[in-house]
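Fit chain B to the supplied structure of chain A, relying on the hints for placement.
Protein chains: 2
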Amino acid sequence: MKKPTITAFEKSPDRGQGLARDMRVRWAFEEVGQPYDVRLVSFSEMKKPAYRELNPFGQIPTYQDGNLTLFESGAIVLHIAERHTGLLPKDPDARARAIMWMFAALNTVEPPIVERSMAMIVERDKSWHEERLAMLEDRLRVRLDELSKQLGDADWLDGEFSAADLLMVTVLRRVGVSFLAQYPGLTAYIARGEARPAYKRAFADQLAVFTGKPSSG
Amino acid sequence: MKKPTITAFEKSPDRGQGLARDMRVRWAFEEVGQPYDVRLVSFSEMKKPAYRELNPFGQIPTYQDGNLTLFESGAIVLHIAERHTGLLPKDPDARARAIMWMFAALNTVEPPIVERSMAMIVERDKSWHEERLAMLEDRLRVRLDELSKQLGDADWLDGEFSAADLLMVTVLRRVGVSFLAQYPGLTAYIARGEARPAYKRAFADQLAVFTGKPSSG
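In the order they appear, the protein sequences are chains A and B. Counting in UniProt numbering, the first sequence runs from 1 upward without gaps. Counting in UniProt numbering, the second sequence runs from 1 upward without gaps.
So here's chain A without its partners, still in its complex pose (with noise of 0.2 Å):
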């Protein structure tokens, strides 16, 4: 049987931090023991053409099986953990809370990280930067408090390990280590994740795309 096939930049802007979002396809291959192929793919080809046809947005990753196509890194690793057990609670009820947890990482949590992050790299020399960081910092707070109170002292957010997990930790990771020091709660959350062999593993397979040097697995 083929393996299916993800994207991943050819050179990660992250240097090998594991914030690039194949990460989160990675882990979950690695979670549910699937093998997968990575095609890696250069700034310039993904605004090509050729690269569209896979994904509109010219992002990565992308994920192809046979005749299926994907984009989106929320909907490869929900589509992973469906066709797969491990991932999703078997529970009707629970497997509907894995999922709202899965868009909730993404469009509640994700927005304002990423809005920070994007201010400090494109408004840096701006003359409001300090001004706006600062507003962008109350309000990634106000979600970090929301979802830190949440999580309470659980290991998970609710229950078990599921996709939930995997995308709220690779979320939660590009806060930085110093702005989320304000929440030992969420760190400890986070350092159990990275704890994971199938993390491990999905890591160490990014970061030797990065050092050119293959992972040991």
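Hints in this document: simulated from the structure, not taken from any laboratory. A couple of the hints might just be wrong.
Copies of one chain are not kept apart here, so a pair can be met inside one copy or by any two copies together.
As the list claims (entries may be wrong) - Result set (BS3-like, lysine-lysine): computed pairs, CA atoms no more than 27 Å apart in a straight line:
no., residue 1, residue 2
1, Lys-149, Lys-47
2, Lys-149, Lys-48
3, Lys-213, Lys-2
4, Lys-90, Lys-3
Here is chain B on its own, set in the frame of chain A:
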């Protein structure tokens, strides 16, 4: 059988234009013919502990059906689509692509739209407002160009109308008519969504909350 209950704004900030996120869920219920109840909540109620039990982020809509409570409009629409016919294709690959477009609507197309709306509200009096708004509008045009090209002259994103179109139309409506005038294809796409009888019923019901007049249905 008990009807599911959703929450919506007691006083919608859009004055009944159907831009609040309960509209998506109302529309989904109408498409599949599922009656539902609405519980109106005030802004102060949404921030109280009792409401946070339903949604830790203190937002509308929430969904309650028996023992199951959900938040995140995308997850609620997907939940409804999975339990009824009419909002997701039966073919497994087409179904996966429809779910991909649901994530694309909320995670790739919506963020630059919301960022622009937010800037127009919270940064209107800032010295940098006009300069930054121009940046945001450039960024939004990139996304809308890509989406418009992808849609081409098709009626819907991928074959038949699906939950993906439902979300994408509601996301695009937030851009506003004048900015969207640059995109006749997307304007026509929105109009096709708005012409559906289920959309019209949902729109009338949310408007009735604002006007205080009961809808005809």
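Here is how each hint holds up against the structure:
no.	hint	in the structure
1	Lys-149 / Lys-47	between (41 Å within a copy, 14 Å between copies)
2	Lys-149 / Lys-48	between (44 Å within a copy, 14 Å between copies)
3	Lys-213 / Lys-2	within (25 Å within a copy, 59 Å between copies)
4	Lys-90 / Lys-3	both (25 Å within a copy, 24 Å between copies)
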